[in-house]
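Colleague: Here's the letter readout for the chains.
There are 6 protein chains.
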Amino acid sequence: MDPLAGWRLDQEPYYQPAGREIEAFEAARASRLPVLLKGPTGCGKTRFVEHMAWRLKVPLVTVACHEDLTAGDLAGRWLLDAQGTRWMDGPLAMAARHGALCYLDELLEARSDTTVLLHPLADTRRALPLERHGELLQAHPDFQLVVSYNPGYQGVHKRLKPSTRQRFVALEFRYPEPTVEAAIVVREGGIDESLARRLVQLAERTRRLQDQGLEEGASTRMLVHAARLVRAGLPPALAARQAIADPLSDDAELLAALNALVCASF
Amino acid sequence: MDPLAGWRLDQEPYYQPAGREIEAFEAARASRLPVLLKGPTGCGKTRFVEHMAWRLKVPLVTVACHEDLTAGDLAGRWLLDAQGTRWMDGPLAMAARHGALCYLDELLEARSDTTVLLHPLADTRRALPLERHGELLQAHPDFQLVVSYNPGYQGVHKRLKPSTRQRFVALEFRYPEPTVEAAIVVREGGIDESLARRLVQLAERTRRLQDQGLEEGASTRMLVHAARLVRAGLPPALAARQAIADPLSDDAELLAALNALVCASF
Amino acid sequence: MDPLAGWRLDQEPYYQPAGREIEAFEAARASRLPVLLKGPTGCGKTRFVEHMAWRLKVPLVTVACHEDLTAGDLAGRWLLDAQGTRWMDGPLAMAARHGALCYLDELLEARSDTTVLLHPLADTRRALPLERHGELLQAHPDFQLVVSYNPGYQGVHKRLKPSTRQRFVALEFRYPEPTVEAAIVVREGGIDESLARRLVQLAERTRRLQDQGLEEGASTRMLVHAARLVRAGLPPALAARQAIADPLSDDAELLAALNALVCASF
Amino acid sequence: MDPLAGWRLDQEPYYQPAGREIEAFEAARASRLPVLLKGPTGCGKTRFVEHMAWRLKVPLVTVACHEDLTAGDLAGRWLLDAQGTRWMDGPLAMAARHGALCYLDELLEARSDTTVLLHPLADTRRALPLERHGELLQAHPDFQLVVSYNPGYQGVHKRLKPSTRQRFVALEFRYPEPTVEAAIVVREGGIDESLARRLVQLAERTRRLQDQGLEEGASTRMLVHAARLVRAGLPPALAARQAIADPLSDDAELLAALNALVCASF
Amino acid sequence: MDPLAGWRLDQEPYYQPAGREIEAFEAARASRLPVLLKGPTGCGKTRFVEHMAWRLKVPLVTVACHEDLTAGDLAGRWLLDAQGTRWMDGPLAMAARHGALCYLDELLEARSDTTVLLHPLADTRRALPLERHGELLQAHPDFQLVVSYNPGYQGVHKRLKPSTRQRFVALEFRYPEPTVEAAIVVREGGIDESLARRLVQLAERTRRLQDQGLEEGASTRMLVHAARLVRAGLPPALAARQAIADPLSDDAELLAALNALVCASF
Amino acid sequence: MDPLAGWRLDQEPYYQPAGREIEAFEAARASRLPVLLKGPTGCGKTRFVEHMAWRLKVPLVTVACHEDLTAGDLAGRWLLDAQGTRWMDGPLAMAARHGALCYLDELLEARSDTTVLLHPLADTRRALPLERHGELLQAHPDFQLVVSYNPGYQGVHKRLKPSTRQRFVALEFRYPEPTVEAAIVVREGGIDESLARRLVQLAERTRRLQDQGLEEGASTRMLVHAARLVRAGLPPALAARQAIADPLSDDAELLAALNALVCASF
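Protein chains in written order, with the working numbering: chain A, 890 to 1155; chain B, 890 to 1155; chain C, 890 to 1155; chain D, 890 to 1155; chain E, 890 to 1155; chain F, 890 to 1155.
The shape of chain A in the complex, shown without the other chains (with noise of 0.2 Å):
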């Protein structure tokens, strides 16, 4: 039986190249390199992650990262039984075990006894010890260990150290171009693409809007939301404001300004 059968891709994920980022994780993937992905929210790190992981037939096993996500979460825990205690890995210890990718989603959330488990598996050692079961644990050579963040929320208290950040190649994420996005758009959302080139347009007024104190500009996702909404039978404005401009802020002055870029647009 295989204990990662639920977490193998079945069909392909849909994946955009915005440039050579296969290539470099397959290079990575030659000598099972960690991989750290930099990159805003919704700019499809996820997408790629699973799109590799389907192109390389491996597992995926993914860990979306939070403060409370303790060392035991990832590494497994004993559990009471009628026979007395039974040892469960948790899902890092799986996907070391069995050779899986195992994808850390938003790895500067976690807390630092989680980022320093990663440190004996992203090294030469390929190891994982798990004090509370006395063992120590060599990783499939199928393993491989990738993790993602956004350096824009990067603060004091949520920096990953050097001793970190020197174990992994990087590769960095951005916005796809304008014709990709749209084509993307109009897959994803099911709408025409002279629509579709009206939000991406929308959506890059948005991302100016940063240097007036907005968080982060409109994504990917929210166009498909906004598509998806049109092709619901939403006007598009009632669309672009739903998916789009009340999701993105609550102050007053930015929503003013995010309308008048949606009524501009439609």
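The hints are simulated quantities; they were obtained by calculation from the structure and are not laboratory data.
Some clues are possibly wrong.
No copy is singled out in the list; a pair is fine if it fits within one copy or between any two copies.
Below, computed lysine to aspartate or glutamate pairings styled on EDC-like, alpha-carbon distance capped at 16 Å [as the list claims (entries may be wrong)]:
(1) Lys927 / Asp1140
(2) Lys1050 / Asp899
(3) Lys1050 / Glu1104
(4) Lys1050 / Asp1140
All of these numbers come straight from a predicted model, not from anything done at the bench.
Fit chains B, C, D, E and F to the known structure of chain A by using the hints.
Modeller: Frame of chain A, contents of chains B, C, D, E and F only:
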């Protein structure tokens, strides 16, 4: 056996639409896009979700967020049994597995681990990784996520990150128009329309006190409370004081201003 | 068997009304509206709730709130048994299930998860989601929620949010009028009226010391304590010092002022 | 079997009264009013409570408060047994159930949940709600609550709230008068009166150093320690240095001042 | 069977007295008074306690204090067994029950609950309340409490309260006199006296660097380390650098000063 | 059965000495003195420990320190079994009991309780008190303690106390000399020497950027990563960007400077 039987609504919850929110919700529902409701206390967000659940014939699982709600509370936990440990889905896993609306009320109050847990459910993956159960739960086709918060509370430490916001379609709620609000008070409070109108006028005056330091003005819910006290025999001024003025503030000056408004109204 | 038998009041708790609070409580009771009691320490809030529980013939479940009281303490928990785990309702679930008044004393001391747990019980839903039990508990028709707090303590970190406040009808409590207070001291302290009046005068003087830094003046409860010490044989001045002056402050200047008031009174 | 047998005092604890504190305690005892002892370290508060417990023939259950003492530690907890879980009363519940004096030493060190737990026991309800046991424990008629604290330590974060203070009758303790203190040192330290007087004089001088930054002067307990070192063969100056000067401070200047006082005394 | 067999010292631990500390300890031992050892790192406090335990023929139970050591770790805990729960004494309870010296090293590092737990053991009560075991443990006649700390570390948050300090008799430790220190280095490090003297001179010079920001000068222990490296074949300058200079500081300027001292010494 | 079989090194780990560190380690090993390794990320500390473990034929137990690693994780814990609870040694106890090198990586990240736990193991006592197991574990004669940290990270809250530092002999690590470093890159990265030299030059330039705000320069490990990407087919400039420049910083200006260095190098 329907595991969500206790979470189905038998009767239509009374809801008075204020705009195109039902249509917009249905457009988001067509693609199962997650929905974010923004608006002040007591303006009908919860009632709207109940109404939509009844209208769409899906069960409704509600979770009130707070800073001590853990990811384990939402996702599930192991219980000890005579036969050993047994897994018990949390409300979010239960809703995702069996196909309910899952409504997370006051999401700004939630801890980061709760919020991050929603990410893979709130994008095209529609999956909930149950690390402690060793399961990657694929959401039921009927599952949809709805969250709400009050933008007025948002402070330095209580903000939604762009990576969360950008996964949602947003609907904004405000207090109903005066005639709509009076109709709600007549229907829910059991009083005549003339008194209902006077209560609505009083509420509008309290809402203007926000500029003078009142945290939030009287909600429609408070007017219904006052109406019910009158129906139970209290004089309107006393009812308004106890259902509206006294609960709104503990500040001596604001209380004096509120009581003056009550006196002027009845 | 009545699961709340131990929580029924057999004897009428003595309560001296100060205004229309009994009538107002009964009007709120007609619609089962939740009630909020505001007022200083020792002025009779708890006694009033006991009196109303006796008057309405409903059991009374009291919970003293504090910052370490968890939602699990209120809602319930799993206990381990010879047959495995067994659910045990917490006081709030027990009151909601079997139809008691549930009185949460000093709600400002409670943590946010405790407070938020009250929300669905305190609006038209009248439900308590017991996530850990997988149950949406519908409150018994006799169930009603009563909370109290002392507005004088409210600080930056201890405030009720509007979304909590606006769910309640409020009753404000103050110290009783002098003649009423003296009658209470006579009845509960077992002394003659002349001494009771002198104690009430002393209390009123201490209450004026709040402008000079005393946190709170002497409560009716303290006067009853002093009366009982006199009845047990202590001279009035010594009794007043030990029951009133010494407990009120540790500040040397305030103690001197309080002792001067005691000397001037006897 | 007497469940509190281990907590009864067989021998009279030596106590030298300093004023009318025995009479005052007995007056409070007549109505079972809770008693608050205020005073500096080592001046005899604990000994007084032991003496009163012996005098009144009630068992004495003592709890040293600290910030990690939980309400569960005081109230009780479930223990796992071959037959399942078994309830075990904490010291407060044990004292309330079987009728002991319950003495909470250094109440200012306790957390808020510990302090609030005392409220229903410390007013006319005389009840302890054991939420986790599903029991409203009515105190035994012999039960009485005694607490102590050192007002000198009270800081911003360590204050008793009025709602706690006003439930108690207070007795203030100071260091004994010189002749009384010397008599205690003779009796407990086994030295002659002339040396005891010199130790008391030294103690009084250290107490005056509080104006120069010494946190607290030498207590009667320290004088007894010095006396015992002398009785065991140390010269008085060395004994006073090791039992009084060295423990009182780590500050170089204060130590020099203390050692000068020791040299001047012997 | 002797439950403390593993804690008895078979061989005399080498200890070179610096003053009358053995006599003073024995005087405190006569009345079982608790003893407080003050002094810098590595000056022989621990060795002194081992020596006294051997001399007095009592077992020695040592606990290294730290801020995560709980009262439960010291007092004991319930363990689950095939027959249910079984109580297991912590080191403090074990020492008190069976009559050992209990030595708490670096008491300033302990949490308040640990410190307060010592109070009833450290006065005439000589009792340890084991609330969780429902037991008031009376200390064995041979039991004695010894604690140590380094006064140089004492900061705002790490102070002993007077109520703790005043329960102890204090002995102050300093670095040994040069000839004594050299004799210790010869004996423990296995080198000749001339080299030992040079190491002691180097240590004295590093101790003067405390005025220039060095946290603490070289201890006797470090000199023994350097001596052993020399005995194992390293040249003295390299040995002194690795055993003394490099461990003492990470600051570039202080390291340069330390290395200059090393060079000047050999 | 050898309980540490999984922790023995079968093959010689490649290590290129930079000075007399092997000799110095062996001198410390002769007396089993604990060793402290200081130096920047990726300069070979971990590899050196692996090499020494292989050279000395002792098993190596490595623990990555972090702020959530508890003393219990290191010392051991009770596990529940069909026959009751069973003790399981933590990695430190396992290493001490069976005679391994125990290597605590990044000790500055550890909590105080972890650090204090090392004290009795790191002096002449060579003992680990397992309070929860009721055992004073005497270390195996082969046991030795090794710790490492990066002095560059040391901040206000992350410092080793003198009482910890002074128990260790220290070895300082730096980046290897250019020719040594190039040899390592050739051997581990599988590229020719000319490219290796260019990578080493690039690394040296990045190390000079520390004056301009770069937290740490490129480590030898990063050069090996770049070499491997080249061997897998990426052009050197792209490889250097993804293995060196992009992981080193997220700061726009520093990234521009790093990329300029990359361009100038290839």
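Colleague: Give a verdict on every hint.
Modeller: Structure-based check of each hint:
no., hint, result
1, Lys927 / Asp1140, "between (27 Å within a copy, 12 Å between copies)"
2, Lys1050 / Asp899, "neither (37 Å within a copy, 32 Å between copies)"
3, Lys1050 / Glu1104, "between (24 Å within a copy, 9 Å between copies)"
4, Lys1050 / Asp1140, "between (34 Å within a copy, 14 Å between copies)"
Hint 2 alone, counting from the list given before, is not met by this structure.
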